[in-house]
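Since the structure of chain A is already known, use the hints to place chain B on it.
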Amino acid sequence: MKERLIDDKFLEQLELLQLSINDVIQGRFGGNHKTKNYGSSVEFADYREYLPGDDISKIDWSIFARTDNLFLKLFLDERQLHTRIYIDASKSMSYLDKDKKALMLAAAFAYLSIKNMDKVSIYYIQNNKIIAILENIVGKDSFLNYIGKLNEIDFDGTSDLSDAIINSVVGFGDGNSIIISDFLTDNNYFNIIDHLRDKRRDVLCLQVLANEELHPSYRGKVLLYDSEDNSSYYKNNINKEVVEAYNQAVNYVQERIKNYCEIRNANYLLVNVSTPLEDVFFKDLMSMEIVK
Amino acid sequence: MRFLFPLGLLGLIAVPILIIIYILRNRFKEHIVSSSYLFELSNRFLKKKKRHRFENILSLIIEISAVIFLSIALAHPVFYQKNNAENYCFILDASGSMNIKNQDKTRFALAQEKMNNIVKEAKEGSTYTLIYAGYETRTIVKNLDNKDTFYEFNQSLKPEYMFLTLTDALKKADEYYQNGDVSKLYVFSDKTFESIENVELIDVSSNEENYAIYDFKASLSQDELLFSGNILSYESDTDLTLNLYLDDELVDTQTISVLKEIESKYAFHVSKRNYQKANVVIINEDALILDNSNIIYNLSNEEKPNILLVSEKPFYLQAMINAIGNYSLTIENPSSYVKNQEYDLFIFDSFTPDVLPENGSVWLINSDQNIDQTGFLVQDERVAEPNVAISYNEDENPLYNQITKDIKGNQIAIYKYKKYSLYKDFTTIFNYNSVPLLFVGSTENNLREVVFAFDLHDTDLPLLYDFAPLIRNLLNYSLPSVVEDQNYVVGNNLQINIFNNYESVRILTPSNNISYLALTSDIEYVPLYEVGTYEVKVVTKSETKDYYVFVSFDKEEGYINIKEENLIFALSSVIKKNTSIIDQLMPIIIIGAIFFILDWVVYAHEQY
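As you go down the protein sequences, you meet chains A and B in turn. Counting in my numbering, the first sequence runs from 1 upward without gaps. Counting in my numbering, the second sequence runs from 293 upward without gaps.
For the record, the hints were derived by calculation from the structure and aren't laboratory data. One or more hints might be untrue.
Claimed, not checked - Pair by pair, the computed Cβ-Cβ distance ranges are: (1) A:N265 / B:E322: 42 to 48 Å; (2) B:I313 / A:E135: 28 to 34 Å; (3) B:Y314 / A:N211: 30 to 36 Å; (4) A:D8 / B:L338: 47 to 53 Å; (5) A:N237 / B:N409: 52 to 58 Å; (6) B:E322 / A:N167: 36 to 42 Å; (7) A:S217 / B:L350: 19 to 25 Å; (8) B:E322 / A:N191: 32 to 38 Å; (9) A:E262 / B:L338: 25 to 31 Å; (10) A:N265 / B:L338: 48 to 54 Å; (11) B:R294 / A:N237: 42 to 48 Å.
Note that CB positions come from ideal geometry on N, CA and C, so glycine has one too.
This is chain A alone, in the form it adopts within the complex (with noise of 0.2 Å):
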């Protein structure tokens, strides 16, 4: 990645969460995460460093001995689960630096579900394709090894986030999607969440908008173009009941979404790109159980 846009001190706060998983586990292999159903399987997977509260007696001592660090000796009779993450790369993202921080918060994503031994999938969506920018990631090395592919997307052009997805292998109750955009279409981005629910999938909706969208300082008669189509237009005078209006708008865009991710039992959460990421881990999606 060409900017550190996650640093230690964030990894280690990150180390202390876990995603959660509401929906029945249909994954094939095991992970941090207990299944309903017990498997028989006791062919080791991996190591991962021991942290307080794990079980000791999954501690294996010989590297212990070797190498004076505790480490776990992970079993695949924990059901590892698929986290999803797709990015919106189309040209309206790379403005007001809300490409930055959808990279940030998918990286991330991609952390915590690499720490819970889940597997990782990033992919982005331009245009109406999906192209995996990382998959099947399993482990952090692999996961440092190619987290900066993050950085050879090239937000542009537009994004139909339904045909791409829709039309994409997603699984079947084995994790999470994250769809991070700003969602600032009247594409029916309903039947992504409808799709990927039926997929028993856990939704989680992160609209990324920068605090100019949310509150613009434009005045006066202005001609603004759309910055992925120039045929689209907006022309005014901006006074004090065009704002007025403007913040309806807002509203009503947040409103629409927020609402039909509760019908579909998914997860919606309003990204200000001015937000510290910090303050999007351990507050926002703390308080909604996201993250645990």
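Chain B only, in chain A's frame:
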């Protein structure tokens, strides 16, 4: 309309600049935004989809209006309206009664205040003429067009103390009116007029209580002093309490019941004593304090003049001089008369000395020989026609008035007289067939001289009432004191006798104004315009002496409601009015300010 500062209109350049700025500012500024979605969506929530065209330029209209009003205000517009401003003329009554106070403000001050109010309300472009009806009628300002200057002149005026009429002032105003210098006339007075035409009377009178004391006299009898005079209540029947002070010491008090407008007498009997100043005061409070006290300064303390009467038959004169008193009289028989004696007055009765005395005044009665330096020559003795009486001349000469003061003018019967030929200026008191019988003047040595061209025994004059005042007046003339009288009323002239040894005579008025007499004649007259004590300081080579006289308020002015003659003011054929000037900058500034505030409100409403 005219602009006082036309350069202020340069501010109007801001109008096209504003329009240009408006046009430039109202061009749509192009921006690329991440998504126009929210803005387009906001159209659904707009309460008013389309603004009226007027609303779009409302701000511009307000701004232009504000700039226009500001520019006009800077240019200071003045509007003119022909024949709309008056030429005011004010007559201000400055008579003594205008000193009367009502609620701590004199009538005069009230009149000044009301006059200022009229000027304040007058349209710009009006002119103001102020005629002061005082002892002298003066035009203080004429067709003045500056209000502030008028106020200053008005405030500098003070009322006088005497009875005055407005006749001269009205004549003066009429003259201005006929010339077209005046279009509106106001009279400020406390007098009431039976009828008024073409004049607006501003009455400043009110029915305040007023008392007065006057005619204060002092006389000396065998063993007591008598102080007497009159008191008057102008508005009501009342009891007045009087205090008598001698040299500022209270010596007696008495209360007298007086009837409205009826003079009452008062008298204080005090045991004989020396005093310099006697003061009688009404202690009841009233509206005019000026007429509530009288003062007499005792002049009888002066050294008694010496008189030598040379006569074989001195009876009449001896009796009269002694009766008048206060003189040291020596009688000599003509046969024993020697010259070079020291007397203040030599009376030669039917005796003619060889030469005139070098010092002292002289009376020559029935002289039958010529003496040098007398100013007349003896011609012959004549017998008057029987049953023909002589009477006094009528002369406006002050000296004549002094000699004939208090004289009733009894006709005098005469048997014989002498015809004198006068070669100097004399004042003739009476004559017979153009022959002067009694004349006064001065010798060539500048000694005061009285000449009787007859023997007192050849007339009935010594038997007449007039003889006493005549002899008294002649003695006063011949033995002049510095000031002759003690009782003066404002408006009188103070007579001051000038002696050869005087170096200066200074007059100090009650209001502390100082003046010096010219000393060019034997008698100087000082007009008394103020109520109170005048000080006369006489400086000779050997000494400095102060004399005091008290001047009392004019009794006539104590009447609160005086009915004047009809006040009729003829309409002029040429009434000229002025072009009024409307100079109201403040409303323009206020309107401009309102537009500025409005602009800010509209801006704030649109932007926030």
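Hints, verified against the model:
Checked against the hint of 42 to 48 Å, the C-beta distance between A:N265 and B:E322 comes to roughly 44 Å, which is consistent with it. A hinted range of 28 to 34 Å for the beta carbons of B:I313 and A:E135 is inconsistent with their spacing of about 59 Å. Separation of B:Y314 from A:N211 is about 31 Å and conforms to the stated range, judged on CB atoms against 30 to 36 Å. Checking the proposed 47 to 53 Å range against A:D8 and B:L338 shows it holds: the Cβ atoms sit about 49 Å from each other.
Against the hinted window of 52 to 58 Å, the Cβ-Cβ separation of A:N237 and B:N409 comes to about 56 Å, which satisfies the hint. Between B:E322 and A:N167 the beta carbons are some 37 Å apart, a value that agrees with the proposed interval 36 to 42 Å. Against the hinted window of 19 to 25 Å, the Cβ-Cβ separation of A:S217 and B:L350 comes to about 24 Å, which satisfies the hint. About 35 Å separates the C-beta atoms of B:E322 and A:N191, a value consistent with the hinted range of 32 to 38 Å.
Here the CB-CB span from A:E262 to B:L338 is close to 28 Å, well matched to the stated 25 to 31 Å. Take A:N265 and B:L338: their Cβ atoms lie about 35 Å apart, and the range 48 to 54 Å is violated. Between B:R294 and A:N237 the CB atoms are about 43 Å apart, so this pair conforms to the stated range of 42 to 48 Å.
The structure is inconsistent with the numbered hints 2 and 10, although it conforms to all the rest.
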